[in-house]
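Hey, can you work out the whole structure from these sequences and the hints?
Number of protein chains: 2
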Amino acid sequence: MKPYKLYTYFRSSAAYRVRIALNLKALAYDALPVHLLRGGGEQLADAYRAVNPSALVPALDVGDAAAIHQSLAILEYLEETQPLVPLLPRDALGRARVRALALTIACDIHPLTNLRVLKHLQGTLGISDEAKLEWYRHWTREGLAMVEAHLARDPQTGRFCHGDTPTLADCCLVPQVFNALRFNVGLAPYPTLERIHAACAELPAFLAAHPSQQPDAE
Amino acid sequence: MKPYKLYTYFRSSAAYRVRIALNLKALAYDALPVHLLRGGGEQLADAYRAVNPSALVPALDVGDAAAIHQSLAILEYLEETQPLVPLLPRDALGRARVRALALTIACDIHPLTNLRVLKHLQGTLGISDEAKLEWYRHWTREGLAMVEAHLARDPQTGRFCHGDTPTLADCCLVPQVFNALRFNVGLAPYPTLERIHAACAELPAFLAAHPSQQPDAE
Chain A
1 MKPYKLYTYF
11 RSSAAYRVRI
21 ALNLKALAYD
31 ALPVHLLRGG
41 GEQLADAYRA
51 VNPSALVPAL
61 DVGDAAAIHQ
71 SLAILEYLEE
81 TQPLVPLLPR
91 DALGRARVRA
101 LALTIACDIH
111 PLTNLRVLKH
121 LQGTLGISDE
131 AKLEWYRHWT
141 REGLAMVEAH
151 LARDPQTGRF
161 CHGDTPTLAD
171 CCLVPQVFNA
181 LRFNVGLAPY
191 PTLERIHAAC
201 AELPAFLAAH
211 PSQQPDAE
Chain B
219 MKPYKLYTYF
229 RSSAAYRVRI
239 ALNLKALAYD
249 ALPVHLLRGG
259 GEQLADAYRA
269 VNPSALVPAL
279 DVGDAAAIHQ
289 SLAILEYLEE
299 TQPLVPLLPR
309 DALGRARVRA
319 LALTIACDIH
329 PLTNLRVLKH
339 LQGTLGISDE
349 AKLEWYRHWT
359 REGLAMVEAH
369 LARDPQTGRF
379 CHGDTPTLAD
389 CCLVPQVFNA
399 LRFNVGLAPY
409 PTLERIHAAC
419 AELPAFLAAH
429 PSQQPDAE
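For the record, the sequence lines run as chains A and B. Counting with the numbering used here, you get residues 1 to 218 for the letters of the first sequence. Counting with the numbering used here, you get residues 219 to 436 for the letters of the second sequence.
Because the hints were derived from the structure by calculation, they are not lab data. Keep in mind that this is a model prediction, so the values were computed, not measured. Quick reminder that beta carbons are idealized off the backbone N, C-alpha and C, glycines included. Among these hints, one or two may not hold up.
[What the hints assert, rightly or not] Stretches of chain B that chain A covers, calculated by requiring three or more beta carbons in the stretch to come under 8 angstroms of a beta carbon on chain A:
| id | segment |
| --- | --- |
| 1 | 281-288 |
| 2 | 409-418 |
[Claimed, not checked] Below are the SDA-like pairs computed for lysine to any residue, each with C-alpha atoms no more than 20 angstroms apart in a straight line:
| id | chain 1 | residue 1 | chain 2 | residue 2 |
| --- | --- | --- | --- | --- |
| 3 | B | K223 | B | H253 |
| 4 | A | K25 | B | A310 |
| 5 | B | K350 | A | K25 |
| 6 | A | K119 | B | K223 |
[What the hints assert, rightly or not] Facing chain A, from chain B, some residues (calculated, C-beta under 10 angstroms):
| id | residue |
| --- | --- |
| 7 | P271 |
| 8 | I292 |
| 9 | Y295 |
| 10 | T299 |
| 11 | R313 |
| 12 | D372 |
| 13 | T383 |
Have a look at this one:
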């Protein structure tokens, strides 16, 4: 089989999720870096819009048809087509729990703090650097508190977000924590999440997906 | 089987998605309204936080275990446990396409325009009513343009977002269009999306899920 081609940016939190999943499933891929800042953003160029009209990374070229966009759609595709290392539990309620945790990060934190939104806040609304940072931290804290509340109350939380093996929820959690730490949001209010993050950080699949380990890292 | 209990708010776009899916699958449910504005927001009260610590609607009580939160996790759960009327195609690439369309709405439009974010923009950043409206329209237009670009270029787009029967993508599209129209975002730049919206609007499952048809409608 030809390796997957992943359109990625080292610091993209959504691309980082997919890199973790590919590594956990031991799937080879070629990284095709798309620089989100250079030249006004390579993702906005026609060449990349032909791959993904949304002009966002990641996208996964699987050889046939159009590249798959949206990180969670890519994760579900990998889960369905490469089930050997499962990243969702088998029971429907467990699967719903894992997806809900992943979506809390993907819908309730990340969209509010990603690059295009921060640019708009400064460029169009004209808010200060400090107000932008406060915005970033506010939504990160709100969202991490949600995740912590769900994790802390549920006996299904194990070494990882759901049980003792990594799931899609952990694939989303670790990049979001990376972002939080980068903007000095401390993890002390979220002890369960902090513990799980530390457990993930020991695994080679997570380490190799880290932004600093990417070919386009700066 | 006991009917599902859906924690809902008539105008919540995420709850609207779930109502459509329940109707398409002909699944009975009891609506438990959570008023997002009254008393500072009933979703923030301890009683509702015990159901969903994220303090967001919807949540689906399926009888066992904790209620399922996050609309897309609920939709996937219904799809896995009530497959008689499928809302995802059978092929992995088709499923990825439908999920990516749904996620474009759920991640790249809705989180930026929902109530808690609009409240924060006005309350904390102190922006004007007009700037808030511009924000709303900006992200709605950006996101609908993404959806249109994906729909327009792909021969798999049919009477609905994917083929000739409704899928999870249509369950997400219709509530987002409802929101767009409510804030006077015209659909003319998005002809494919407009056509699909009209096709959905003819179906009883979509009609019965409309905010105006809910027991808590105002």
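Verification of the supplied hints:
Only when three residues or more bring their CB closer than 8 angstroms to a CB of chain A does the claim for the segment 281-288 of chain B stand; here the count is 6, and the claim holds. Counting residues of the segment 409-418 of chain B whose beta-carbon sits less than 8 angstroms from any beta-carbon of chain A gives 0, not enough to reach three: the coverage restraint is violated. Between the alpha carbons of K223(B) and H253(B) the distance comes to roughly 16 angstroms, so the proposed pair stays at or under 20 angstroms and holds. The suggested pairing of K25(A) with A310(B) holds, with an alpha-carbon distance near 17 angstroms, which does not exceed 20 angstroms.
Between K350(B) and K25(A), the direct Cα distance comes to roughly 43 angstroms. Violation of the 20 angstroms bound is thereby established for this hinted pair. Under the criterion of a C-alpha separation no larger than 20 angstroms, the hint pairing K119(A) with K223(B) is inconsistent with the structure, at around 41 angstroms. Because the smallest distance between the Cβ of P271(B) and any Cβ of chain A comes to about 3 angstroms, under 10 angstroms, the interface hint for this residue holds. At about 7 angstroms, the closest approach between the beta carbon of I292(B) and any beta carbon in chain A falls short of 10 angstroms, and the interface hint on this residue holds.
Given hint, Y295(B) at the interface with chain A, holds; its Cβ is 4 angstroms from that chain's nearest Cβ, closer than 10 angstroms. Interface hint status for T299(B): upheld, as the beta-carbon distance to the closest one in chain A is roughly 5 angstroms, under 10 angstroms. For R313(B), the shortest C-beta to C-beta distance to chain A is roughly 7 angstroms, which falls under 10 angstroms, so the interface hint holds. A hinted interface residue such as D372(B) counts as satisfied when its beta carbon comes closer than 10 angstroms to some beta carbon of chain A; here the least separation is about 7 angstroms, so the hint holds.
Hint status for T383(B): violated, given a least beta-carbon distance of 19 angstroms to chain A, over 10 angstroms.
Going through the hint list in order, the structure does not satisfy hints 2, 5, 6, 13.
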